[in-house]
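Novice: Dock chains X and L against the given chain S, drawing on the hints supplied.
Residues per chain are reported as follows:
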Amino acid sequence: MSILNVFNSPTTFALATCVMADRRRINGPPGGTRPAIYATSLPSIKDADRARRQRQPSELRKIFLKTGLIPSASGSSYLEFEPSASLAAARANPKSLIPPSSALKLACTVHGPKPLPRSVAFSPNIVLTTHVKYAPFAARKRKGHIRDASERDLGVHLETALRGAIIAERWPKSGLDITITIIEAEDDRWWGDAPDSHDASWGMMNVLAGCINAASAAIADAHIDCLDLVSGGVAALVTDNDGGAPQLMLDTDPAEHRSIVSACVVGYMPARDEITALWLKGGTSKAALDEQDGRSGHEALVDGAVDAARGAHMVLGEAVKESMERALGQTT
Amino acid sequence: MASATGAASHPVPPSLSLPPSQFARLQPHAYLLAHLSPPAASNQPSIRANGRASSQFRVTSANAGSLTHTNGSAVVRMGDTTSVCGVRAEILRTEDIASWSVSRTSNEASNKRRRLAELNEKPNEEDEDTAADDEEDRAHIEDLNLLVPNLSLSTGCAPGFTPGAPPSALAQSLSHQLLSLLHSTRLVRADDLRIWYQPPSLGPEELERHNDDEQMDVDPNPSGGVEDHKNREIKGFWVLYIDVMIISLAGNPFDAAWASVLAALRDTKLPRSWWDVDSEMILCSDNVSEASKLSLRGLPVASSFCVFEADAAAGWRAVVIPDAEEQKARSQKKGSQQRWILADPDGYEENLGQERICLVVDKEKGGKGKTVVLKMEKHGGWTVDTDDLRQLVDISARRWDEMKRILDQC
Amino acid sequence: MRTGQPRLGSQNRIAAYFAAVVSDESVRECFAGPAAFPILPNKRVYFARNRGDGEDKEEVEAKVQALGVTATSKYMGEQWLVHVPGTHTRSATHHPQKNCVSNFVTFTTRHQATTTFIMVGPTASLAPLYRADGSSSYTCPATGYELLGAVNAPVELPARRDALKPEEATVEVFVKPGTTTAGVGERYVEGILRSVLATVILGREKGLPRRGVVITLAIVGGEDVERGDSYLTLLPALLHTSLLALLSATVPLSMTFSATLLGVTKSGIIIPDPSAADAKAMASLHALAFSSKGHLLLNESQGRFEFDTWEAVRQKALAICQNTAVSADGDVSMAEGAEGAPLHDFVRETVEDQVHRDYPWKIDAV
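Residue numbers (my numbering), protein chains in the order written: chain S, 1 to 332; chain X, 333 to 742; chain L, 743 to 1108.
Treat the hints with care, as some may be off.
Stated by the list, open to error - Here are the computed lysine to aspartate or glutamate pairs in the EDC-like style, where the Cα-Cα straight-line distance is at most 16 angstroms:
{"hint": "1", "chain 1": "X", "residue 1": "LYS702", "chain 2": "L", "residue 2": "ASP1050"}
{"hint": "2", "chain 1": "L", "residue 1": "LYS1035", "chain 2": "X", "residue 2": "ASP717"}
{"hint": "3", "chain 1": "L", "residue 1": "LYS1035", "chain 2": "X", "residue 2": "ASP655"}
{"hint": "4", "chain 1": "L", "residue 1": "LYS1008", "chain 2": "X", "residue 2": "GLU467"}
{"hint": "5", "chain 1": "L", "residue 1": "LYS1022", "chain 2": "X", "residue 2": "GLU468"}
{"hint": "6", "chain 1": "L", "residue 1": "LYS1035", "chain 2": "X", "residue 2": "GLU657"}
{"hint": "7", "chain 1": "X", "residue 1": "LYS660", "chain 2": "X", "residue 2": "GLU641"}
{"hint": "8", "chain 1": "S", "residue 1": "LYS95", "chain 2": "X", "residue 2": "ASP524"}
{"hint": "9", "chain 1": "S", "residue 1": "LYS114", "chain 2": "S", "residue 2": "ASP225"}
{"hint": "10", "chain 1": "X", "residue 1": "LYS702", "chain 2": "L", "residue 2": "GLU1048"}
{"hint": "11", "chain 1": "S", "residue 1": "LYS66", "chain 2": "X", "residue 2": "ASP412"}
{"hint": "12", "chain 1": "L", "residue 1": "LYS1022", "chain 2": "X", "residue 2": "GLU474"}
{"hint": "13", "chain 1": "X", "residue 1": "LYS695", "chain 2": "L", "residue 2": "GLU1048"}
{"hint": "14", "chain 1": "L", "residue 1": "LYS1035", "chain 2": "X", "residue 2": "GLU658"}
{"hint": "15", "chain 1": "X", "residue 1": "LYS625", "chain 2": "X", "residue 2": "ASP524"}
{"hint": "16", "chain 1": "L", "residue 1": "LYS1022", "chain 2": "X", "residue 2": "ASP469"}
{"hint": "17", "chain 1": "X", "residue 1": "LYS625", "chain 2": "X", "residue 2": "ASP740"}
{"hint": "18", "chain 1": "L", "residue 1": "LYS1008", "chain 2": "L", "residue 2": "ASP1020"}
{"hint": "19", "chain 1": "L", "residue 1": "LYS1022", "chain 2": "X", "residue 2": "ASP412"}
{"hint": "20", "chain 1": "S", "residue 1": "LYS95", "chain 2": "X", "residue 2": "GLU657"}
Unchecked claim - From the structure, some residues in chain X lie toward chain L, with a derived Cβ separation under 10 angstroms:
{"hint": "21", "residue": "SER431"}
{"hint": "22", "residue": "ARG521"}
{"hint": "23", "residue": "ASP655"}
{"hint": "24", "residue": "LEU706"}
{"hint": "25", "residue": "LYS710"}
Hints in this document: simulated from the structure, not taken from any laboratory.
Glycine residues also receive a C-beta, built at the ideal position from the N, C-alpha and C atoms.
Excised from the complex, chain S in its bound form (with noise of 0.2 angstroms):
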């Protein structure tokens, strides 16, 4: 007799779906739906199948941004994260429909500075509104058409990232709106694993750095004047092996570890070496790196996703300086 493996259990099944008929929208069955459940004989999901990362703690996912492919837009950009080697090795050979792991892929639009409607108080400074949706489509679980609390946060944090780099009094009486668009999210936990008790969405860190990214270079692409492009970075303290001490790596994979102890994210201004946004989560206090590092936990993680941030900059300034030669191009 094979043990069934169900990961998908079916008491959270499609919440989504149950939700009173949306009368602008097409809807699907009544009685609702389920997701697949896919049955796989345990042997088959050892860890040996595990999803592992490949790179240095210190090495980064190769970004891929490109600013202007939005032209009704003032500025726009699209971002892509490297596939993780499982999922390059799962994309060239496929055997199994279940994805290893997935690598983030959003659009981002900046339209403004325009004119804010009648109904919004005057303001002296610009007014700036951030917007995160995922895609339906885009995470392991369909995500609804109406944004959920955390894609809301996310908005939230995108916005106290960015606000502080905008020269805001520039504009009065405008709105900047930043509308982010995510086809392709990360996961949180490797898919095999169980929900955890001490599990956060750790996918959302990468998210929102990615975010940050984008839309920094789409503001630039926007030609808002800032103080300095502000780059997105994350770092996790991870446990890969039980007992084993945990490890300090930048640009972290959920999918790709065990388990993540602590993970954080920044929004970063190198030239003036300013934190924008942090947003750290998970405990810090016990983790101990390494004896000779004599820095606190949450010390190391800030550093490290800093440390991030700085790579991710230096693509942002190749992105923006590409969009700048376009205009030039396009002027001249």
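Specialist: Okay, now just chains X and L, sitting in the frame of chain S:
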């Protein structure tokens, strides 16, 4: 530059010299008209402001299967309009269908009939679907809502669509058009979406095998004859959530959206699924080699057109609008062209014409057969009639060849 | 309308025609009892009767003439369609299995052997609503839809100040389904209606620029449109209702129009005005609208068809709408639509009726 001479042909005060880009914004109608009807002396061809000939479509590229968490996905770019489509399949169990037990008996009767017919002839030929098959497809796909397309424009794709707001009227009507076209072309076969259960005939060997290998006992392709189909019953359906995100909008969203839906459906793979008696649920195999692609009916390709009139306000000023016949005669006599039908209009051109035509065509026998029209929509004006539509069907047929090449490559 | 008493309202409002497949007795009844069937002089009246044994054309006509009506008749399928000259005719589709003519409403007679059918053509009345600037009600028995349209124009649209065009009126259309709230399908059909109506409304006339023309169409009766349905069966009725409401609100129009729905069966036969149920079985469906000057204002076609088929459909639709097509060959089914008064006259007559009712003093004075 063409635009400079075009500008000169119109009475622009000599003191005010504008670069073409400014002129395009201030006098969009005159700007496009100057391009389309250059002065006879200049010897320039009639060309659109974006450099295309009037029946030329934008450069189109398609890329399928790049999104990880989908059963099928595609990105289609038509010029500056980009559409991303992801297809996610979920399971609808028959227990969750309120009316299932009522309609079941009749369904099963027809299934049996059809199954029998299937044994005699392969149902692969798209034109040989029986009427019963047709009815059944409609009953299952349309009545059970197995196809759920939704299009989103609140992605910041163009100014004017507030992100976070409920879908705009345009997004809603595009979603509806996608669904309506999916239904009327019968693109997806209901048979691909059914999940069957074949109860084992309780012979002693069967039971033994049942114990040996749990998973194999309900193999969907039993080699037996008609008898095997007797007790087959439908345990569930795949529901395809077809979500289209228009990432960038620069005119003609429907063609791009439909192309991405088509490419994504062509890419869609459904896992092998079966009813598991022990756990009483539908389980799927994650093995790629066991998964099957959808077998779609034909390849309907959409082409949209927009009419640009030389004198847009003609209708308003004329005291008496000429009769259709009279108008035709007059335009032939006049010589100079009064209107242009622009294929695949971009955002700039869409704002300058009210009359729209949308054609969906397919070619039988994979491109070798005759052209059939699957949808023909025309509204917003009165200038286009039979002769023009006949030409547009030909243009759409040529576009079909081009799109087939693009979709086959992706 | 299963009773012998069609809901027709006051006689003046009736711009309808009937057809009945009747035995001799029920024809007499039909004529004899104005309470049951108010047949008006110069209104459109049709009869069809089941083919009796060995009856021929002359015999049928003689029988009908004996009732005091001069008529011509035609044999179609299993039935005779008796046509009273000067009245509006519609083609009737005969289903041998059901023994009914699909466009026709049934009522029972004491003669079990012959089933009796009555057909009521589109019925419309102007200004049924008092508060709206203009309104119309419309019933199309062929498809079973009942619609109520209201027009308010010109109105200020302060909420849409940014969207208003400086040089012309903004046309807004709202479609309200009978039993549910409006969904995506309604948004789609609203878009189509808006683009058609915006072409005929003279939005640059005095008083209209920067203002709104708001058209609200409520589907009062008939089948609900299903999810993902094309709305084609409803389009002609929606267009007629909005046109009559616009006329009633005296919104300046450059021309009027009429619309029709045609279905093509799998064997290639063109059938006018299929009901919603029949429409599903069609190989292709076409809704066309022609302006009063013969322009093709709207075409919505779906299904599988070739262009030549569409051309035939267009010819037929134009014949139904405008009566311009020539049917030189004596083909009965083709002549059917072309023979009677065109749909376009239906619009005209409805308005004329209203004028006669509203301005009798003026007309009398002339």
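Novice: Take the hints in turn and mark each one as holding or not.
Specialist: Results of checking the hints against the structure:
no., hint, in the structure
1, X:LYS702 with L:ASP1050, "holds, 12 angstroms"
2, L:LYS1035 with X:ASP717, "holds, 13 angstroms"
3, L:LYS1035 with X:ASP655, "holds, 5 angstroms"
4, L:LYS1008 with X:GLU467, "holds, 14 angstroms"
5, L:LYS1022 with X:GLU468, "holds, 13 angstroms"
6, L:LYS1035 with X:GLU657, "holds, 9 angstroms"
7, X:LYS660 with X:GLU641, "holds, 14 angstroms"
8, S:LYS95 with X:ASP524, "violated, 22 angstroms"
9, S:LYS114 with S:ASP225, "holds, 15 angstroms"
10, X:LYS702 with L:GLU1048, "holds, 9 angstroms"
11, S:LYS66 with X:ASP412, "holds, 15 angstroms"
12, L:LYS1022 with X:GLU474, "holds, 12 angstroms"
13, X:LYS695 with L:GLU1048, "holds, 11 angstroms"
14, L:LYS1035 with X:GLU658, "holds, 10 angstroms"
15, X:LYS625 with X:ASP524, "holds, 9 angstroms"
16, L:LYS1022 with X:ASP469, "holds, 13 angstroms"
17, X:LYS625 with X:ASP740, "holds, 15 angstroms"
18, L:LYS1008 with L:ASP1020, "holds, 12 angstroms"
19, L:LYS1022 with X:ASP412, "violated, 38 angstroms"
20, S:LYS95 with X:GLU657, "violated, 65 angstroms"
21, SER431, "violated, 14 angstroms"
22, ARG521, "violated, 16 angstroms"
23, ASP655, "holds, 4 angstroms"
24, LEU706, "holds, 6 angstroms"
25, LYS710, "holds, 4 angstroms"
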